[in-house]
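Asks: Whole structure, please, built from the sequences with the hints as guidance.
For the sequence shown, UniProt numbering gives the first residue as 1, with consecutive numbering after it.
In case anyone wonders, no lab produced these hints; they're calculated from the structure. Bear in mind the structure is a predicted one, so any value in this text is a computation, not a measurement. All residues carry an ideal CB built from backbone N, CA and C; glycine is no exception. Misleading hints may appear alongside valid ones.
[As the list claims (entries may be wrong)] Only pairs whose alpha carbons sit at most 30 Å apart, straight line, appear in this in silico DSS-like list of lysine-lysine:
| no. | residue 1 | residue 2 |
| --- | --- | --- |
| 1 | Lys144 | Lys291 |
| 2 | Lys144 | Lys119 |
| 3 | Lys2 | Lys283 |
| 4 | Lys291 | Lys2 |
| 5 | Lys229 | Lys144 |
| 6 | Lys229 | Lys2 |
| 7 | Lys234 | Lys2 |
[Claimed, not checked] Label pairs and their calculated CB-CB ranges:
| no. | residue 1 | residue 2 | range |
| --- | --- | --- | --- |
| 8 | Gly41 | Glu115 | 33 to 39 Å |
| 9 | Glu156 | Lys119 | 32 to 38 Å |
| 10 | Pro313 | Ala155 | 24 to 30 Å |
| 11 | Arg19 | Asp290 | 28 to 34 Å |
| 12 | Ala135 | His273 | 14 to 20 Å |
| 13 | Met162 | Asp269 | 57 to 63 Å |
| 14 | Ala143 | Leu170 | 19 to 25 Å |
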Amino acid sequence: MKNIGFLSFGHWTPSPHSRVQSASDALLQSIDLAVAAEEVGADGAYFRVHHFARQLASPFPLLAAIGARTERIEIGTGVIDMRYENPLYMAEDAGAADLIAGGRLQLGISRGSPEQVVKGYEYFGHRPAEGVSDADMAREHTAKLLDVLRGEGFAEPNPRPMFPNPPGLLRIEPHSPGLRERIWWGAGTRATAEWAGRQGMHLMSSTLLTEDTGVPFHQLQAEQIRLFKEAWQKAGHAHEPRVSVSRSVFPLVSELDHQLFGRQAGSTDQVGHLDDGLARFGKTYAAEPDKLVEDLARDEAVAAADTLLLTVPNQLGVDYNAHVLDSLLRYVAPELGWR
Numbered sequence: 001m002k003n004i005g006f007l008s009f010g011h012w013t014p015s016p017h018s019r020v021q022s023a024s025d026a027l028l029q030s031i032d033l034a035v036a037a038e039e040v041g042a043d044g045a046y047f048r049v050h051h052f053a054r055q056l057a058s059p060f061p062l063l064a065a066i067g068a069r070t071e072r073i074e075i076g077t078g079v080i081d082m083r084y085e086n087p088l089y090m091a092e093d094a095g096a097a098d099l100i101a102g103g104r105l106q107l108g109i110s111r112g113s114p115e116q117v118v119k120g121y122e123y124f125g126h127r128p129a130e131g132v133s134d135a136d137m138a139r140e141h142t143a144k145l146l147d148v149l150r151g152e153g154f155a156e157p158n159p160r161p162m163f164p165n166p167p168g169l170l171r172i173e174p175h176s177p178g179l180r181e182r183i184w185w186g187a188g189t190r191a192t193a194e195w196a197g198r199q200g201m202h203l204m205s206s207t208l209l210t211e212d213t214g215v216p217f218h219q220l221q222a223e224q225i226r227l228f229k230e231a232w233q234k235a236g237h238a239h240e241p242r243v244s245v246s247r248s249v250f251p252l253v254s255e256l257d258h259q260l261f262g263r264q265a266g267s268t269d270q271v272g273h274l275d276d277g278l279a280r281f282g283k284t285y286a287a288e289p290d291k292l293v294e295d296l297a298r299d300e301a302v303a304a305a306d307t308l309l310l311t312v313p314n315q316l317g318v319d320y321n322a323h324v325l326d327s328l329l330r331y332v333a334p335e336l337g338w339r
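Replies: Printed below as a string of structure tokens:
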């Protein structure tokens with residue numbers, strides 16, 4: 001068995017070719033797609049977070065709305081840039097969304113990726129201290145978030161409060177028990193995956209790794225997963241580690257599928273430059289179901305992960321993306337033993 005969900009970047013554009021014309025469209029259709037995904041048997045609805053862009057940004061109102069409209073699927077992020085976050089306010093928002101969803105929140109976070117503006121986190125009031133990098137600042141925010149999510153009191157109560165306080169130091173409210181064990185780290189390298197394992201955060205690994213060793217993408221990612229699990233085991237965490245990988249997968253089962261993605265059938269890995277270093281991008285899987293079964297069976301990272309997130313072209317609309325999910329669940333997943 002393998003958890004199968006979708007990952008949406010939530011793009012919108014006023015282009016006449018897009019079915020997502022506005023921010024309102026992106027948000028409302030994201031809710032509808034999560035409902036449709038649950039109906040066809042998918043296991044998760046995940047959303048990327050970008051600032052200063054025509055994409056999904058503040059995730060918690062969206063996650064709370066999806067939590068209220070669904071009953072079973074996991075809901076989450078992939079990922080939130082921690083350079084932008086106030087960890088205490090984030091803990092309040094995350095706790096509320098998780099309680100509304102009945103404990104189904106899977107919160108993916110990371111140190112961030114190249115953004116639309118230069119040092120955008122500074123506009124949000126977050127500036128690294130002297131001698132501290134923006135990545136270090138993201139990890140500091142993460143450490144604080146993880147600490148307060150434990151639910152232990154740390155704030156001195158007012159001796160004359162407006163309302164009676166429970167005894168002792170106060171914690172962030174609302175507190176959602178178990179949320180600390182459902183935090184994931186989006187790791188772009190083997191080293192950051194090991195770090196996540198030591199911290200007791202699950203691993204999210206996307207279709208991009210910000211390093212390259214010359215081996216195929218899926219093999220490099222499989223090595224990343226192995227190192228993560230080894231670090232987790234050495235750290236002795238009580239809860240079980242989880243791993244998600246993202247893939248672009250399109251079963252070609254209709255004429256429209258062939259028109260839209262048939263040309264991707266020969267897709268291969270790509271190597272490029274990102275953040276002044278080499279990066280390796282994974283290929284797109286687009287083929288008829290029997291060929292997809294063969295190709296995905298050879299993907300070592302997919303085999304090593306318990307969760308597969310399908311990156312969806314959300315501007316094609318809810319119905320088409322629900323069709324893509326249904327096609328994979330109906331024609332591909334059973335043949336691979338995932339259902």
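Asks: Does each hint hold? Answer for all of them.
Replies: Structure-based check of all given hints:
1. Distance check on the hinted pair: Lys144 and Lys291 sit about 46 Å apart at the alpha-carbon level, beyond 30 Å; violated.
2. For the hint pairing Lys144 with Lys119, the CA-to-CA distance comes to about 21 Å; that is within 30 Å, so the pair holds.
3. Simply put, Lys2 and Lys283 have alpha-carbon atoms about 21 Å apart, close enough for the 30 Å limit, and the pair holds.
4. For the given pair, Lys291 sits about 19 Å from Lys2 by alpha-carbon distance, which is consistent with the 30 Å threshold.
5. Restraint check: the Cα-Cα separation between Lys229 and Lys144 comes to about 24 Å, which is no more than 30 Å; the hinted pair holds.
6. Between the alpha carbons of Lys229 and Lys2 the distance comes to roughly 17 Å, so the proposed pair stays at or under 30 Å and holds.
7. About 25 Å separates the Cα atoms of Lys234 and Lys2, which keeps this hinted pair within 30 Å; it holds.
8. Checked against the hint of 33 to 39 Å, the C-beta distance between Gly41 and Glu115 comes to roughly 35 Å, which is consistent with it.
9. Restraint check, Glu156 to Lys119: a C-beta distance of roughly 34 Å satisfies the suggested window 32 to 38 Å.
10. Under the hint 24 to 30 Å, the C-beta atoms of Pro313 and Ala155, about 45 Å apart, miss the expected range.
11. Restraint check, Arg19 to Asp290: a C-beta distance of roughly 30 Å satisfies the suggested window 28 to 34 Å.
12. Our hint of 14 to 20 Å for Ala135 and His273 holds, since their Cβ atoms are close to 18 Å apart.
13. Between Met162 and Asp269 the Cβ separation comes to about 59 Å, which falls inside the hinted range of 57 to 63 Å.
14. Distance hint for Ala143 and Leu170: a CB-CB separation of about 20 Å, consistent with the stated range 19 to 25 Å.
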